[in-house]
Amino acid sequence: MSAAASNVLLERYFFAPVGAGSFAAGSPSVAEGRAGSRKRGVAVQLQCQLQGQKIKAARFLAWGCPHSIAAASWLTEKLTGLSLDEASGVGAMQIAAALKVPADRLGSILVLEDALAACLENARSRRHVW
Amino acid sequence: MAGLTMGSRMIYLDYAATTPVDAQVIELMNQCLGEDGDFANPSSLHGPGLAARARVEIARGHVAALLGAGSEEIVFTSGATEADNMAIRGGALYQAHRGRHIITSRSEHRAVLDSCKALEKEGFEVTWLSPAEQGRVSVAQLREALRPDTTLVSLMHVNNETGLIQDIQSLGALCREQGVLFHVDAAQSAGKLPIDLGRLPVDLMSFSAHKIYGPKGIGALFVRREPRCNLFPVMFGGGQEQGLRPGTLATHQIAGMGKAFELAATRMQADQARLVGLRQRLWQGLQKIGGVSANGALESCAPNILNVSFQGVEGESLMFGLTGLALSSGSACASSNREPSYVLRALGLDDQAAQASLRFSLGRSTGIEDIDAALAMLEEQLKRLRELAPPWVQ
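Quick mapping for you: the protein sequence lines, in order, are chains A and B.
Take 3 as the starting number for the first sequence in my numbering and just add one per residue.
Take 110 as the starting number for the second sequence in my numbering and just add one per residue.
Hints in this document: simulated from the structure, not taken from any laboratory.
Watch out, some of these pointers could steer you wrong.
Said to hold, decoys possible - In silico DSSO-like cross-links for lysine-lysine, where the CA-CA straight-line distance does not exceed 30 Å:
hint : chain 1 : residue 1 : chain 2 : residue 2
1    : B       : Lys-325   : A       : Lys-41
2    : A       : Lys-58    : B       : Lys-492
3    : B       : Lys-492   : A       : Lys-80
4    : A       : Lys-41    : A       : Lys-56
5    : B       : Lys-492   : A       : Lys-41
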């Protein structure tokens, strides 16, 4: 708890998360990536709604510490409007720096990075995007 | 009754961690501090010293009276942790010529676990009992662990995380039959459950003042006189407290503890009847929300504690989300640590279930409106966090 104390951005994205939820299942324009598990203490599902090579909107579901929920929310906001190449450049360290995530919680952010990587890989595998 | 609030919204449900000091206790403590009060050293032989000594002995009498003990059997310490150290270390060292085997359980307070671990490093053998159903240590389990060289058994009366009440009568009877010292940490039970050391087969019992509306920094160890229980001192100095706990007696702290114990004696029955009702209301409300399980049968637990596991949420996020509630995810002594509760893990919960568990502990100021407000906050956060969780994670 102490690591989560007095962090305005953390509180903002944790208590009023933007991008929370998921897109309708089976939509051809939606790419999805999953990472983590209950056993690992963090699990994230990230979805990107694609328009050409651009991310039109992003959604997340997360189970984990406050940092993982807040970071997933921040990421959906960050991804919106980016191209897939630009999104590939968003990594754990950038997310951690933006939300002032303490070093002992970086593991949660790496799981989020894995979910993003899986989501982008899924996006690129969709022929209609290319 | 208005609940104890901290700031505009905070509801305090962490009375097992500590309690506010009762106003009557504060008033009495103040009488022992200033120039016009009984501030003198209770070991001094002049008038002011004797007045301070009288305060100490009155307090000792109140502590003893609540517990059915003799005043001469009460040794003041800095708290239950020191009392645990004194009992375990002092008892084991005194008995070392007879044997070097100690028995305790994995769900004890850190003060007991770490005292036993320290002795292990010094060549003592420790049997760590794994509590069985609901965290109970059975007489059969203890009997099996006893050896000819066992000299000390240490088990707590009420578990600080789950509230489970251990059957110290039966466990103590077995220890007495085998000639083994029986130490009980009663930090969570004194003043909350009836304790009659005149009848209980307990040789050493640890207490704390701040769990029952007394000040922090003061506690006591009961050391039985008949049959005589001997300890080696673990601290050395001025010979106070029968040579077991040296250091100038803290008159104000001791007087405060005495008053707290005196008040507990008069209030215990009514307090507990009220808390049973409030806890039942809390548990019924939680069951209505759903996805909860109690860590311990309510009828086997102290009436002020309810430990609950929440399904479908991660523990730290649940705690973080409950900004209006002051409660613990386990023992307050360990809740700054992110590790899941070792007590709940010892009861068979996996790491995630243990981490997603909260200890609600109610007290004198808790009212129905606090319980209802807490339930509303919990319902809101549980709904929100469960909706945020990926469905495939459960």
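Hint by hint, here is what the structure shows:
1. Lys-325(B) to Lys-41(A): violated, 39 Å
2. Lys-58(A) to Lys-492(B): holds, 28 Å
3. Lys-492(B) to Lys-80(A): OK: Lys-492(B) and Lys-80(A) at ~26 Å, within 30 Å.
4. Lys-41(A) to Lys-56(A): violated, 34 Å
5. Lys-492(B) to Lys-41(A): Judged against 30 Å, a Cα distance of about 22 Å means the pair holds.
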